[in-house]
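Participant: All chains, full assembly: derive it from the sequences and hints.
Chain order of the listed sequences is A and B. For the first sequence, UniProt numbering begins at 1 and goes up steadily by one. For the second sequence, UniProt numbering begins at 1 and goes up steadily by one.
Please keep in mind that the hints were generated in silico from the structure rather than gathered at the bench. There may be inaccurate statements among the hints.
Lysine-lysine pairs mimicking DSS-like chemistry, simulated, CA-CA at most 25 Å apart [unchecked claim]:
| no. | chain 1 | residue 1 | chain 2 | residue 2 |
| --- | --- | --- | --- | --- |
| 1 | A | K99 | B | K367 |
| 2 | B | K99 | B | K200 |
| 3 | A | K45 | B | K367 |
| 4 | B | K277 | B | K351 |
| 5 | B | K367 | A | K49 |
Each chain, letter by letter, is given below.
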Amino acid sequence: MAETRYTKDHEYIRIEGDTGIVGISDYAQSQLGDVVFVELPPVGKAIAKGAEAAVVESVKAASEVYAPVSGDVVAVNSELEAAPGTVNEDPAGKGWFVKLKLSNAAELEGLMSEAEYQDYVKTL
Amino acid sequence: MAAEAAESDIASAVAPLKTPLHSRHVALGARMVPFAGYDMPVQYPSGILTEHNWTREKAGLFDVSHMGQAFLIGPDHETTARALEALIPADILNLAPGKQRYSQLLNEEGGILDDLMVTRSADPDEDGALYLVVNAACKNEDYPHIEARLPANVKLVRAEHRGLIAIQGPAAAEALAALAPEAAEMGFMTSRSMKVAGIKANLSRSGYTGEDGYEISAAAGKIGEIWDTLLLDARVKPIGLGARDSLRLEAGLCLYGHDIDTTTSPVEGALTWSIQKRRREEGGFPGAARIQREFAEGVTRVRVGLLPEGRAPAREGAEIATPEGEIVGKVTSGGFGPTLNAPLAMGYVAKAHSAPGTRLDLIVRGKPLPAVVAAMPFVPNRYKR
Numbered sequence: 001m002a003e004t005r006y007t008k009d010h011e012y013i014r015i016e017g018d019t020g021i022v023g024i025s026d027y028a029q030s031q032l033g034d035v036v037f038v039e040l041p042p043v044g045k046a047i048a049k050g051a052e053a054a055v056v057e058s059v060k061a062a063s064e065v066y067a068p069v070s071g072d073v074v075a076v077n078s079e080l081e082a083a084p085g086t087v088n089e090d091p092a093g094k095g096w097f098v099k100l101k102l103s104n105a106a107e108l109e110g111l112m113s114e115a116e117y118q119d120y121v122k123t124l
Numbered sequence: 001m002a003a004e005a006a007e008s009d010i011a012s013a014v015a016p017l018k019t020p021l022h023s024r025h026v027a028l029g030a031r032m033v034p035f036a037g038y039d040m041p042v043q044y045p046s047g048i049l050t051e052h053n054w055t056r057e058k059a060g061l062f063d064v065s066h067m068g069q070a071f072l073i074g075p076d077h078e079t080t081a082r083a084l085e086a087l088i089p090a091d092i093l094n095l096a097p098g099k100q101r102y103s104q105l106l107n108e109e110g111g112i113l114d115d116l117m118v119t120r121s122a123d124p125d126e127d128g129a130l131y132l133v134v135n136a137a138c139k140n141e142d143y144p145h146i147e148a149r150l151p152a153n154v155k156l157v158r159a160e161h162r163g164l165i166a167i168q169g170p171a172a173a174e175a176l177a178a179l180a181p182e183a184a185e186m187g188f189m190t191s192r193s194m195k196v197a198g199i200k201a202n203l204s205r206s207g208y209t210g211e212d213g214y215e216i217s218a219a220a221g222k223i224g225e226i227w228d229t230l231l232l233d234a235r236v237k238p239i240g241l242g243a244r245d246s247l248r249l250e251a252g253l254c255l256y257g258h259d260i261d262t263t264t265s266p267v268e269g270a271l272t273w274s275i276q277k278r279r280r281e282e283g284g285f286p287g288a289a290r291i292q293r294e295f296a297e298g299v300t301r302v303r304v305g306l307l308p309e310g311r312a313p314a315r316e317g318a319e320i321a322t323p324e325g326e327i328v329g330k331v332t333s334g335g336f337g338p339t340l341n342a343p344l345a346m347g348y349v350a351k352a353h354s355a356p357g358t359r360l361d362l363i364v365r366g367k368p369l370p371a372v373v374a375a376m377p378f379v380p381n382r383y384k385r
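Facilitator: See the structure below:
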């Protein structure tokens with residue numbers, strides 16, 4: 001079963017072998033409100049942990065999505081260009097942003113588990 | 001994730017003020033945010049897009065009790081009108097009973113201190129009284145500014161015991177007529193007193209969405225009953241500040257502190273329609289020399305509408321450049337228009353680049369986003385003329 005890890009900034013990464021699918025949590029999408037535009041990076045781009053991986057715009061504001069770990073972009077969810085609201089409807093599934101090939105899997109250890117993240121959200 | 005565009009209107013009040021409807025917003029599940037010193041609903045559970053579209057299709061109900069309501073009271077209309085005309089560039093002397101007008105409080109340089117609505121009572125017994133509605137974020141500066149400049153026989157009376165709500169949208173008139181049949185007879189930018197659901201209220205047929213609708217002022221202790229009764233109508237839903245902003249932007253209406261401020265004149269702000277001929281000719285308002293010169297000689301920059309190509313919104317603060325890369329202005333409001341189903345913005349550009357159809361670039365995250373200067377409103381207004 002694929003493991004999902006979270007950042008304090010509400011990004012998740014779902015680990016699949018040596019790649020990871022990056023998106024934002026259900027809490028994040030609910031805080032953001034209706035997503036109207038998503039800017040994705042080019043495939044092949046190397047992104048460092050904590051650097052901007054995507055930009056998500058709601059009606060109200062623009063927010064950056066940071067890479068939870070370092071990696072090369074191997075795929076982006078281009079479906080979001082036509083249907084950005086998918087981020088709200090299915091953040092953990094069809095609303096993903098980028099797929100990264102992990103360059104340092106050890107960075108995953110600094111992220112929260114599902115249970116730790118759910119506890120963290122309760123404190124907010 | 002990190003929010004880039006912060007709520008720039010947030011006042012740093014330690015204990016936010018509450019409108020008379022505050023507990024109702026909380027009960028409705030609204031997300032409350034600090035705004036101009038008040039704890040206000042930015043959205044209800046349905047979200048900004050749904051609220052925006054509901055207002056365009058049915059009727060949206062807004063709590064705008066945070067706005068400043070006040071009366072200027074003098075011995076007769078002429079005296080009160082002249083006192084106010086010394087502060088604003090609109091013709092108030094010739095404002096007929098029961099009529100409302102949009103204007104701006106100006107500083108000595110012709111910069112805009114606030115924008116406001118001015119209403120002359122329809123009731124002959126109230127001759128000499130003008131009803132003002134000013135912005136929440138400005139009211140604490142506006143009132144002393146006005147008071148310091150009034151003649152001895154005209155007084156400013158703050159109406160702090162009143163609440164204010166707005167009902168906006170194509171179903172607003174029918175929904176309100178069920179509670180106040182006389183409201184249906186009112187024309188755009190007119191005002192009347194009547195009972196709404198049995199409660200004494202002052203109504204104006206106006207708003208901030210581009211739709212037909214009304215603003216309803218009533219005693220703070222009673223406004224909740226009107227709010228509750230209107231919400232019993234299935235066509236009426238509560239709408240938060242988020243959708244209020246996207247609705248006004250599509251309507252091409254200015255938000256004070258963003259699209260107009262002390263650095264902009266009403267001429268630069270493309271608000272010349274709000275300065276009537278007599279005032280342009282006679283002057284007699286703060287900054288008249290500058291504004292008359294701007295009418296005669298033109299301005300170097302002006303507020304315009306902007307339509308970005310594609311789907312990416314440009315936000316407040318984005319620079320505006322020519323396709324050759326010369327910076328010619330800045331975005332003052334920008335976002336996504338749900339009715340337009342596209343991004344939209346307004347901003348100031350050099351006059352030479354202000355004609356509708358002019359191609360410009362908006363600089364978003366360091367990259368030029370092609371856009372075109374567009375006539376406003378972006379979405380046609382549906383006022384009841």
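Participant: Would you mind marking each hint as holding or not holding in the structure?
Facilitator: Hints, one by one, checked against the model:
no.	hint	verdict
1	A/K99 <-> B/K367	holds (24 Å)
2	B/K99 <-> B/K200	holds (19 Å)
3	A/K45 <-> B/K367	holds (17 Å)
4	B/K277 <-> B/K351	holds (23 Å)
5	B/K367 <-> A/K49	holds (23 Å)
Violated hints are absent here; each numbered hint is respected by the structure.
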